[in-house]
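Chain P is already provided as a structure; the job is to place chains H and S on it using the hints.
One letter stands for each residue in the lines below.
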Amino acid sequence: MSPLLTVDLTYTWSQALADLSQIAAVATLTGFFLFAIVVDLVLPKHRRGGAVAMTAVTGFAFALATAAYRWVYGQGGASAYHGFATGDNFALFFEILFATLGILTVALSHSYVRKRGLLESEFHILIMAAVIGMMVLGSATSLVTVFLGLELLSIALYIACGFVRTESRSQEAAAKYLLVGGFASAFVLYGMALIYGGAGTTVIPEIAKRLDATSSGNPLIILGIVLMGVGFAFKVSAAPFHMWTPDVYQGAPLPVTAFMSVGTKAAAFAMIVRVFSGGLPHLAPEWQALLAFVAATSMVVGNLMAIAQTSLKRLLAYSGVAQAGYILIGVIAGGQSGLSAVLYYLFVYMFMNFGAFAVITLLAGPEGDRDRFSDLEGLARRNPVMAVLMSVFMLSLAGFPPSVGFFGKLFLFTAGVSAGYTWLVVLAVIMSVVSVFYYVRVLVPVWTASARTDRVPASISSQGVLWLSGVASVALGVYPTTVLLLGQLGANPISGP
Amino acid sequence: MLESYVPLLIFVLIVLGLLGALVTLSFVLGPSKPYKAKLNPYESGIVPDSPAHRRMSVRFYLTAMLFIIFDVEAVFFYPWAVLLRQLKWFGLIEMGVFMGILLVALAHIWRKGGLEWD
Amino acid sequence: MTLTVIWLLPLVGSGLIAFIPPRFAKWLGVVVALAALAVAAGVAFSFEPGYRGYQYSEAVPWIPQLRVFYRLGVDGISLWLVVLNAFLTVVAILATPIATRHLNRFVALMLAMSAGLAGVFMATDLVLFYVFWEAMLIPAYFLLWIFGEGDRPARAALKFVLYTLAGSLLMLVGVIGEYVFTGKQTFDLATLATLAPSPSIQFGLFSVFALAFAIKTPLFPFHSWLPDAYAAAPTPMLITFAGVMGKAGAYGFLRIAVPLFPEPVGWWDWRWVVPVLAVAAIIWGALMAIAQRDMKLLVAYSSVSHMGFIVLGIFSYNVQGQQGAILQMVNHGIIISALFLIVAWISDRAGTRDRSAMAGLAARMPVMAGVFIVVTLAALGLPGLNSFAGEFMTLLGAWQRAPALALFGAIGLVLAPVYMLRLFQGVMQGPPAGPVPRSDIYIGQLLLLAPLVILMFVIGLDPNALTSLMTSLGQAGLAR
Chain P
1 MSPLLTVDLT YTWSQALADL SQIAAVATLT GFFLFAIVVD LVLPKHRRGG AVAMTAVTGF
61 AFALATAAYR WVYGQGGASA YHGFATGDNF ALFFEILFAT LGILTVALSH SYVRKRGLLE
121 SEFHILIMAA VIGMMVLGSA TSLVTVFLGL ELLSIALYIA CGFVRTESRS QEAAAKYLLV
181 GGFASAFVLY GMALIYGGAG TTVIPEIAKR LDATSSGNPL IILGIVLMGV GFAFKVSAAP
241 FHMWTPDVYQ GAPLPVTAFM SVGTKAAAFA MIVRVFSGGL PHLAPEWQAL LAFVAATSMV
301 VGNLMAIAQT SLKRLLAYSG VAQAGYILIG VIAGGQSGLS AVLYYLFVYM FMNFGAFAVI
361 TLLAGPEGDR DRFSDLEGLA RRNPVMAVLM SVFMLSLAGF PPSVGFFGKL FLFTAGVSAG
421 YTWLVVLAVI MSVVSVFYYV RVLVPVWTAS ARTDRVPASI SSQGVLWLSG VASVALGVYP
481 TTVLLLGQLG ANPISGP
Chain H
1001 MLESYVPLLI FVLIVLGLLG ALVTLSFVLG PSKPYKAKLN PYESGIVPDS PAHRRMSVRF
1061 YLTAMLFIIF DVEAVFFYPW AVLLRQLKWF GLIEMGVFMG ILLVALAHIW RKGGLEWD
Chain S
2001 MTLTVIWLLP LVGSGLIAFI PPRFAKWLGV VVALAALAVA AGVAFSFEPG YRGYQYSEAV
2061 PWIPQLRVFY RLGVDGISLW LVVLNAFLTV VAILATPIAT RHLNRFVALM LAMSAGLAGV
2121 FMATDLVLFY VFWEAMLIPA YFLLWIFGEG DRPARAALKF VLYTLAGSLL MLVGVIGEYV
2181 FTGKQTFDLA TLATLAPSPS IQFGLFSVFA LAFAIKTPLF PFHSWLPDAY AAAPTPMLIT
2241 FAGVMGKAGA YGFLRIAVPL FPEPVGWWDW RWVVPVLAVA AIIWGALMAI AQRDMKLLVA
2301 YSSVSHMGFI VLGIFSYNVQ GQQGAILQMV NHGIIISALF LIVAWISDRA GTRDRSAMAG
2361 LAARMPVMAG VFIVVTLAAL GLPGLNSFAG EFMTLLGAWQ RAPALALFGA IGLVLAPVYM
2421 LRLFQGVMQG PPAGPVPRSD IYIGQLLLLA PLVILMFVIG LDPNALTSLM TSLGQAGLAR
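Those protein sequence lines, which keep their order, are chains P, H and S.
Each step along the first sequence adds one to the number in my numbering, with nothing skipped, and position 339 is 339.
Start counting at 1 in the second sequence, then tack on 1000, and there's your number in my numbering.
Start counting at 1 in the third sequence, then tack on 2000, and there's your number in my numbering.
For reference, chain P alone in the conformation it holds in the complex (with noise of 0.2 Å):
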């Protein structure tokens, strides 16, 4: 007898329903995914675009209503599929906020896509691939589904950002991503079987049991954390690794900047967050020096380079590299205060930055993108709603209060300095002044006397995004408690109440 049969394989209908209804809205969103493959191969041309983004939006909807019925009613997170997933309250939490990004990427993308003319249904199954690799990822208790979360994530939005094939600028972003990426997810992988090689478990959180302060003696244990913590430093775009951002962005179609510049770094910081602070708490001094480094780079670095950019995607861009090193702060002090601070940004981030790229990309022409400060010239007059919303977004991106940029910074810094980094938030503090002075840079356009007045359209569907964004970055600030209790509850399965 070989030794694989020894393995109980007894797998039974009860057990697999339980696994499944773990992973309940991951299921319901891929079973929507390939629904929307086969509405695209069946129906006549003219009607699949819209039939698929139809299809894709009731998805996300239902995977959405999956995941908030689980968060009432579920019965908590038991690990499923023997260890290598769960559906917690924090995998809830990121599912919630992916399908609610899901959703916004759709109705914004839908009129960008018809009036560029680049193919309708392959976009939208897209992104819902990327959703679904970002669900994976939050509900990952296991190394080898983060990796497969992170791969499933990141193949699809390679090919969304080349996705304008006959623009050099897309291909070179799709080039460059894949290529960084790629190197990126090397190091994870290879950090990860060091991991392995010290832990001899895959499952996360095995390895904490396994793991002691003792280990950091280790030296496989100590390599696998710097190459991970290389690689997702790589992911969440933050410095000195954050070198692909700005191209990429500006490269890819606006919508798919606007996607993955809060999916992926959302997506990012809910692995860290799994494997570093679920994975490796006795050895939270290692990695919490390495992120400390990186936290204090980006926002140096990101502040500092987004003040000379003349584009508003690679300002966006670095704004974002900024923004990764406030929330690893948060990452670092870790505890309910710190994770829940991270979860509250990273949910309210969402809106205030898809927000401010859908206005650039509500200024897209069927020739491409424009991004540049003058195409918002004139905006106050020419449409009113949308300068004000944009004010709303960049003065959130910068902090002021009432909006949620405010809280989140608060909640972040709060758990920063009750953790004893009182030097990072200073520094972060510093770097927010900085930042104010490019974020109010791009309002000086919107708000100077202009002779243009050409005026800027936007569909339905786009406007209802501005609205939900706008109205959300303000409410979630007025009224932070909820999404608060939110991302605490959210981070009890890693951080204990």
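For the record, the hints were derived by calculation from the structure and aren't laboratory data.
Where a beta carbon is used, it is the ideal one built from N, C-alpha and C, also for glycine.
A hint or two may mislead.
[Claimed, not checked] Computed cross-link-like contacts, SDA-like style, restricted to lysine to any residue with a CA-CA straight-line distance of at most 25 Å:
#1 S:Lys2026 <-> S:Gly2444
#2 S:Lys2026 <-> P:Thr448
#3 P:Lys115 <-> P:Asp247
#4 S:Lys2159 <-> P:Arg372
#5 P:Lys176 <-> H:Thr1063
#6 P:Lys176 <-> H:Leu1062
[Said to hold, decoys possible] Take a look, some chain P residues computed to stay more than 12 Å from chain S by CB distance:
#7 Leu17
#8 Thr30
#9 Lys176
#10 Ala292
#11 Leu363
#12 Asp375
#13 Ser435
#14 Ser461
[Stated by the list, open to error] Here are the simulated distance ranges between beta carbons:
#15 S:Arg2023 <-> P:Trp467: 25 to 33 Å
#16 P:Pro285 <-> S:Pro2064: 53 to 61 Å
#17 S:Gly2053 <-> P:Gly76: 41 to 49 Å
#18 H:Arg1111 <-> P:Trp467: 54 to 62 Å
#19 P:Gly117 <-> H:Val1058: 33 to 41 Å
#20 P:Arg165 <-> S:Leu2008: 50 to 58 Å
#21 P:Ala65 <-> H:Val1072: 31 to 39 Å
#22 P:Met243 <-> S:Arg2155: 56 to 64 Å
Just chains H and S now, with coordinates in the frame of chain P:
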């Protein structure tokens, strides 16, 4: 905390130093007398009859990639087939789902013209 | 609820007015501002002197996770500033020329700024205070930028915002530090005033708070944003900008820096450094005012000098000095508004702000000259007018702390007549020269100034009406 990274740093330095030394040494010490036959690309000893930078149809890569994807997926059938009796009906249905997904993918490629050469 | 109305009413009004046609904006704005003033006045009338604690206090849990409360309250310190803010908002909107472009946006932004200021004065929770503190920057920035005068209002606006933010964002670290380092995890000002961390931590926290307040006040040497911003600000905005917003910094010193950090001693002792800076501001502001030819800038620098008296009074750490400081905040708000209005009207009529380019205007505009001399005398602290009592009390307080402070501070009293009377005499008296003004003061403008001038007399003759209510204090740790 940070001290534990010192071995890593030393390791990195050694690697870089060794690499640099090897490259420099071979460049400095190695005799270099190039002539035409030496500079030719090596193709199993046969004299090349045309430039190596030839354009190949992109279809070639597409087909190769599709082959590899389905090839790798098909590997999963082997362990399943070995253990089929132990997995019982559940395994059969599970594999049905798996094959269903593969079929959707195949249909997609087919319909989108991924299998046509021109 | 009453206090909520005071800040929410202008904010809601602001939201409405932004969307109505410009021709109704001014009058609706006046109505809203008057309503807020009525509520504020009601609070003042039923205010109870000598009460220990905040009156009309409200407390609703806001972010329970961090024990942040929506806490409002007024006491003897904040009451008059709330009233002053409501009052000057009415004056400012009334003073807005009906021909202003985008009048509805202007009035809306003015009301929004006024709402933020009211919130700053009423908040008794540190986070809420901070939220209002920063939120009021947004309307101020847009007002300065879009409606600003001069060549590059955008530049002045950005300079103002970056300066203020540099201070206030660091203050955020202080806010969080109070929460963490006092060990009680609360943002309640009254509670925090009873919990002082160790002197070295106090020193650090005081530094970040004081920086924010010093920039806002502005205190020497953090005043360099002020000339640009005041020069760029449109006159109606200046009434609340100079009249009230500057007070927010001084109020912060009195409400937060003094009671929360009784012993901010580290590398140096802040309790001595700040009053010395205040004296420097008094003298420096006065000297700069003397050197100015631009009338608007002259008044702006005189404001730096006067704010120095207020800070000096606060850091005398005794009743007289601090009551004098509060009184002087109100006085200065009234006087500076009147001065900016008059200067703006004169330069409108003369076509220039250069005081040396005109002379003998009194012959052409006798009524204007009459009002101007009253305001000038009030500004330089003539007994019987409002500024005298306030400055006298602050200097008395400073004397009790350290005679040297009072002596050097008094130099400001000597210099004030120099620049104020030189301004008045140069512009109004002597043989007529330079541009010929188109007209004397309009009757509407006179009516607008009337309440300000009346208040100068009323407060000057009976400052006790104000100081008697200052005996009610909301938190321990003040000088009483």
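Going down the list of hints, with the structure as the test:
1. At roughly 15 Å between alpha-carbon atoms, Lys2026 of chain S and Gly2444 of chain S fall within 25 Å of each other, so this suggested pair holds.
2. Our distance criterion of 25 Å between C-alpha atoms is met by Lys2026 of chain S and Thr448 of chain P, whose separation comes to about 23 Å.
3. For the proposed pair Lys115 of chain P and Asp247 of chain P, the alpha carbon gap of about 23 Å is at most 25 Å, so the pair holds.
4. Proposed proximity of Lys2159 of chain S and Arg372 of chain P is supported: the alpha carbons are some 24 Å apart, at most 25 Å.
5. This hinted pair checks out: Lys176 of chain P and Thr1063 of chain H have alpha carbons roughly 24 Å apart, not beyond 25 Å.
6. Using a Cα cut-off of 25 Å, the hinted pair Lys176 of chain P and Leu1062 of chain H holds, with the two alpha carbons roughly 20 Å apart.
7. With a closest Cβ-Cβ approach of about 36 Å to chain S, Leu17 of chain P is found to remain outside the 12 Å limit, as its non-interface label requires.
8. Separation of Thr30 of chain P from chain S is adequate, the least Cβ-Cβ distance of about 35 Å exceeding the 12 Å criterion.
9. No Cβ of chain S approaches the Cβ of Lys176 of chain P within 12 Å, the least distance being about 34 Å, so the stated non-interface status holds.
10. A cut-off of 12 Å between C-beta atoms confirms that Ala292 of chain P is not in contact with chain S; the least separation is 17 Å.
11. Its beta-carbon lying about 22 Å from the closest one in chain S, Leu363 of chain P satisfies the requirement of being farther than 12 Å from that chain.
12. Every beta carbon of chain S lies more than 12 Å from that of Asp375 of chain P, the smallest distance being close to 19 Å; the non-interface claim holds.
13. Distance check on Ser435 of chain P: its Cβ comes as close as 10 Å (rounded) to a Cβ of chain S, failing to clear the 12 Å threshold; non-interface status is violated.
14. Every C-beta of chain S lies more than 12 Å from that of Ser461 of chain P, the closest at about 24 Å, which supports listing it as non-interface.
15. Hint check: Arg2023 of chain S to Trp467 of chain P, Cβ distance near 29 Å, so the stated range 25 to 33 Å holds.
16. Between Pro285 of chain P and Pro2064 of chain S, the C-beta spacing of about 32 Å breaks the proposed range 53 to 61 Å.
17. A C-beta distance of roughly 46 Å is found between Gly2053 of chain S and Gly76 of chain P, which places it inside the suggested range of 41 to 49 Å.
18. Roughly 38 Å separates the CB atoms of Arg1111 of chain H and Trp467 of chain P, a value that falls outside the hinted 54 to 62 Å.
19. Our hint of 33 to 41 Å for Gly117 of chain P and Val1058 of chain H is violated, since their Cβ atoms are close to 22 Å apart.
20. The hint said 50 to 58 Å for the Cβ distance between Arg165 of chain P and Leu2008 of chain S, and at roughly 54 Å that hint holds.
21. The given range of 31 to 39 Å is respected by Ala65 of chain P and Val1072 of chain H, whose C-beta atoms sit roughly 35 Å from each other.
22. For the pair Met243 of chain P and Arg2155 of chain S, the beta carbons lie near 33 Å from each other, so the given range of 56 to 64 Å is not met.
Of the numbered hints given earlier, the model fails hints 13, 16, 18, 19 and 22; all others are met.
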